[in-house]
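Please put together the full structure from these sequences, using the hints given.
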Amino acid sequence: MKLSFVLLLLFGGIYGLIIRDLNENEFVSRDSTNLDNSDGTKNAAMSDLLAKLNKLEEKITQMAKENELLNRRLNQSENEQHQLKQAISLQNMSISLLKPIFDFFSHSGFSLNIVGDEMNHHLQEIRLKIGQLEQHPSTAGYNSTQKHPNLPKNRWILNTDFFILKPNYLKAVYRAKTNAHRYLYAKFVLFPHLSLAYYETKIIRKHNRNITTISIGIWTKSDDTFYKYSDNGFIFGHNANGFGGYPSFDEGDTIGCGANLTSMEIIYTKNGEQLDTSN
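Per mature numbering (1 follows the signal peptide of the UniProt record, and there is no 0), the sequence shown runs over residues -16 to -1, 1 to 263.
None of these hints come from the bench; they were simulated from the model.
It is possible that some hints are incorrect.
[What the hints assert, rightly or not] Distance condition first, Cα-Cα at most 16 Å in a straight line; then the derived EDC-like pairs of lysine to aspartate or glutamate:
id, residue 1, residue 2
1, K212, D260
2, K186, E257
3, K254, D234
4, K186, D237
5, K186, E249
6, K254, E235
Next comes the structure, spelled out in structure tokens:
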């Protein structure tokens, strides 16, 4: 009885059946259509296989070249991507800066010299646009809270009379032992491209006996051009030496000061409530 091994080969749609006879030590090749064992058939099959391998090698080589070209283009566009991320960061920061300002004005009844219905319609459109941008922010892998190099976050200027606390330099402690006028300024001025500007300061503690009055406001050019709201209820500036009758403030209160750079109006708030300075 003869022993034999059977191996089924599949390649590119061509398959053959090879039978090895161990007693006679010979090979017989059969394809899917006939059992032709001639050398010519073997050579033809081998040539066809080599041709397919050559085409495959050419395709792989072409793919490698295309991949190299894509990598080169990606490297060339890194600078453009960096500029795009900076622009997106500026856009997102502008949204975060403008939203609380518009929220404040829309709830405070602040006059923008627009007729009532027109003003409400205008603010509603702005709030809608801000809401849409917040729901679909443009990040492109860039966090909106990151500082833009041309629009840094504000902070207090270092002053020998105050401890300016890290890490963000937004907390200041008065340390002088003499009773005199002291000023603490923000590092950056109001952004000139914004028509509205607003900031708030919270009074955390007031136990220094040398502190008699605290004022929050805006300084324009010189000491004579202060616009300020003092803790004794007086407001200074506005072509006046000072007029009272406004709420005083103390520890725990948050005082806000804002400016409409279009109409040149100054506003003040105490704990989110706008003061009536129309008179």
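Hint-by-hint comparison with the structure:
1. K212 <-> D260: holds (14 Å)
2. K186 <-> E257: Holds, at about 14 Å.
3. K254 <-> D234: holds (10 Å)
4. K186 <-> D237: holds (6 Å)
5. K186 <-> E249: violated (23 Å)
6. K254 <-> E235: holds (12 Å)
In this structure, the one hint that does not hold is number 5.
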